[in-house]
Amino acid sequence: MEPRFQSRAQREASIVDGHRPSLLRRGISRAAVPACVTGTVLLACGTGIAAAAKAKTNSSTPTYAQACGTKAVTLTGDFETGFPDIVNLTKLFSKQYPKVHWRINTNAYAEITTNAPLVLAGKNAPDLVRLPILEGLVKDHLLLSLNKYYNEYHWNKFPSSVWAQNRTNGSQLNTGNIYAWGLNNQVTGIYYNKALAKKIGMKGAPKTLAQLEALFAKAKKDGLTPIETWNAVPTGLTFPLQQLMADYGSVQAINNWAYDKPGATIDTPANVRAAKVLDSWIKAGYFNADATAQSYSGAMSEWTASGSKDVFLFNGNWQAGSFDTSQPGKYGFFAMPPVKAGGHVAAIIGPLQYGIAAKAPDPSCTAYFLNWVSTNPAARKLNVEQGGAPPIGPTALPVPSAKPGTNTEESIQVGVAVAKDNQGMGFITNANGSIYTESETPELQSLFAGQTTPAAVMSSIQSAYKSEGS
Amino acid sequence: MSSSRATAYGGRVMLVVLMFWTLLPFISLFTAALHPVGTFPTGLSWPAHPQWQNFINAWNVANLGPILKSSALIVLGTVPITVVIATMAGFALGQLRVFGGRAVMLLFLIGLTLPLEGIIIPLYYELNSFNLIDTRMAVILPLIGLFMPFSVYWMRAHFVNVPRSLTEAARSDGATTWQIFWGLQVPLARPAIISLVIITTIWTWNQFLLPLVLVPTNVDSRTMAGALGAFQGQYSDNIPLLAAGSLLILAPMVLVYIIFQRQFIRAMLQGAVKG
Amino acid sequence: MLNTATTSRRPLGAGSILRGLRTLARADRARGWLFLVPALVAYGMFVLWPLANSIKYSFYNWDGINPAKWVGLSNYGQVFTNATLYSAIEHSGILILFFSFLPTALGLALAAFMRSAIAGRLGTVARVVIFLPQVVALVAAGIAWSWLLGYDGAINQIFYAPVDALLKLVGLGVAQQAWLGSFKYALPGVGLIGIWVMLGFCTVLLTVGMGKIDPSLYEASQLDGAGPVREFFDITLPSLRQEIGVCLTVTMIAALSAFDIVYISTQGGPANQTMVPGLEIYLLAFTNRQVGLASALAIVLVVLVVICIVPIQWYVNRGNES
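Chains as they are written, first to last, in my numbering: chain C, 1 to 470; chain Y, 1001 to 1275; chain R, 2001 to 2322.
Treat the hints as calculated values from the structure; they're not laboratory data. Beta carbons: idealized from backbone N, C-alpha and C, even for Gly. One or more hints might be untrue.
Just the calculated beta-carbon pair ranges, DEER-fashion [as the list claims (entries may be wrong)]: (1) C:GLN451 x R:GLN2157: 48 to 56 Å; (2) R:PRO2162 x C:ASN124: 53 to 61 Å; (3) C:ASN124 x Y:ARG1164: 23 to 31 Å; (4) Y:VAL1016 x R:LEU2217: 24 to 32 Å; (5) Y:PRO1036 x C:LYS91: 51 to 59 Å; (6) R:ALA2027 x Y:SER1129: 50 to 58 Å; (7) Y:ILE1259 x R:PRO2162: 35 to 43 Å; (8) R:PHE2232 x Y:ARG1097: 38 to 46 Å; (9) Y:LEU1023 x R:ILE2055: 38 to 46 Å; (10) R:ALA2068 x C:ASN147: 27 to 35 Å; (11) Y:SER1165 x R:LEU2122: 42 to 50 Å.
Residues of chain C clear of chain R, computed beta-carbon distances all greater than 10 Å [what the hints assert, rightly or not]: (12) VAL87; (13) ILE104; (14) TYR248; (15) GLN294; (16) GLY307; (17) PHE334.
If we strip away everything but chain C, and leave its shape as in the complex, we get:
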């Protein structure tokens, strides 16, 4: 009966600042990505050694390469405010190719999400854009298929798993043409304030969930805030929730749901149990009391403030670069511990996506830039140092090392460990366009306020999921 509206979707993260979860597109089923880029030899890594050996990416650069940089051009980019890495990459590129200039607009992620379809369809479409949800844009033919460049630049030498989330037919991922390119790899885990963690007697990363909960209890007893989070629109409580779901259930089940496998449900005993544990954390007062009034950036202000009493933070490596530069040595990062010691560690993993507009004035030169970011040693180094995450590129290339002891280095290790156990997850907020803001956020806000029960949260998210899918 209900008209098939485009869903209140892409509202995801909409009005708010920031970069949180939505950066993570639907995950990849086999999360070997960071392992590949760090050079660890794993089954999932790309297309075979023979191809990799032939790589020498730059030497095999095709026709476009000569075209870009010989003539004076101005490329345009619409990027996200607060992430200097991509802007500095364009500056570095212009230094190496002085004839290529950039005109860059930066805007809050929320506004990019809102504006992307109209901007891409408009008369002044940019060349390169920071991408919000991929499928809708492809369905409306607003993005350029990158297949041509994939072939020309031999992007098949990238870890194949990377492309899973970059392919879509307009409604499903991991099938159809390539429309997105990943700047670097993202991974989630738990940050901790080293000084405060020491105060509550934490020695090394907790090995089990029980140990982690004991630390929360101790922090609470000592008058600290055990967990900092944001629960304004859209919520950050999906991070601890999904990590708990992976602890009590299986990554495979979560991915089935996140990738819209027929018959998948989130309303399982394991997930309700996870929600109950989250609820017990809320009731125990482990979270900052003002969470529902805090946006992502507000929570980051509280977390980084001097004299902050926040001990732990569920978040991803997209913050690592900024923590490493503005607060070096203050924080540590570890993976969510499993229920039983020695169990698998799981995390949400995915590429930070950019795309080329279908109406881009100069797509070839833009694609050349993308390939340059993936392969140029100086660009890859900048990516790690400022982006805080491992770049995505040919598996044969060495990955610039992060400084030991930095959040960047620790998060890369988490990525390796998760990949080794094959425990990478797609993000439950991206199961469909509207689920995050229409269902998960209000449900978790209600749970936080004591207005609903864990079981009701799961069943109503499931019914929203089903009505969107039908």
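Since chain C is already given, all that's left is putting chains Y and R on it; use the hints.
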């Protein structure tokens, strides 16, 4: 007698309380802005070492220079045209009493109640078809239209009260309509025009929804208020700088207001009562 | 310019002057249209034309990019049956209480008490200060108020302890919380910002209105032995009919079309508790790209404003006629 003195005293106390309540957000912004970068100021607290350089840093971090210039350009593009064409229309309706003037005024009056949200969607597609999205013109042109109902009403109210014998005398002296308008009536209308300039300047500066929608990516072409959303990201985890930046954005219009407060308040009250 | 006109005047008899003026006046009434055209063009192109298009879009299912499909009135059906959309309209009803009724009532009370105080030197300064919210960008005010209403914000700092202590006396008590993150207090929190924006305007307007009331009216009623309360209801209130009408009109439009404050302070949360039509229109049209549905809501909003304002105008005008 004593009760009336008590009333007067009580009235003064209430006035002070009301003033404090009004200033509370500004005081809060101000004390927050003076805290050291990287702290999370709470409530009203004066920092031990006020960080005045935060204002300079906030200016630089958010690159306020281009946006200040952009706001000024938008005001310069909007206000003069608005005032000139509204004065002409007010003259036509108030002095010349054109045929169908009542109906025209009624048409303008509809616009006085119209919420911007009622037309923002088609405005986007209209300006897109003119190829003006992401330019200052996309803010300037709709603003001129949106200001018409109040501005025409305001100027008409002035011209209605100017004795028509003045126009008639000039007319009998052989002056053309344009000469009467430009040489006689506009100088007489100066107070009303100045008020209109002040009001539309402030309204332009503070416009938020129009630049948000019509200048979607090119933040440097927005108004100060419209760019504020983008600043939030620039300062992301730095509350003192965000507070300082917010104050810098408010400052120019507060300054204009303090200089012209008499005209502004009078115009707002009269405009409201007449409207 | 006028001078050149003066020197070129032709000698005319008195009768012909009158006759000439009459024809000239008629010519003016036609030629005057040339003076109207620019304003009408600007208004027509950027207000009336878009308004007509809003109505048109509201009958279509359109994503803003692909071809639109005619759906008749079904978008309007959605507006009143979809729980989120309908609750947004309800919320703006509650906001009218905060933006409109409270500032008008408070403004009346304050104006009555402060009438003498505001006449003095303190009053001049006070007037400038309490009018300030009309001058500052609402977005910036929204940012400031988000902190004021925060867990450790100034409002809690000033009011929490005494209020909690009072409530504890009667065996209650309330947990300290961030207003805008609370199910109970988020909408009143947004309302409080509305009071802040509107109170000064209403107070000054009503004070000025009171100053215009003929003092002899009060003297007469005092001779009749009326107290200050009866004076207020018998004389002050009826004399302020027009000012009250203006306060209510201006503030109601602001309440119904609230956008900036909500966008910055709550984004409609928690769990849509502060969602308002203005924000919903923006989100539907540009984030969700349900242009038709958003346009239907926009038209409902326009009509709602008219429905709210017409009775007030009627009340004011009736007073003027009597």
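message: Check the structure against each numbered hint from earlier and tell me which ones fail, lowest number first.
response: The structure conflicts with hints 1, 3, 5, 6 and 15, although it agrees with all the remaining ones.
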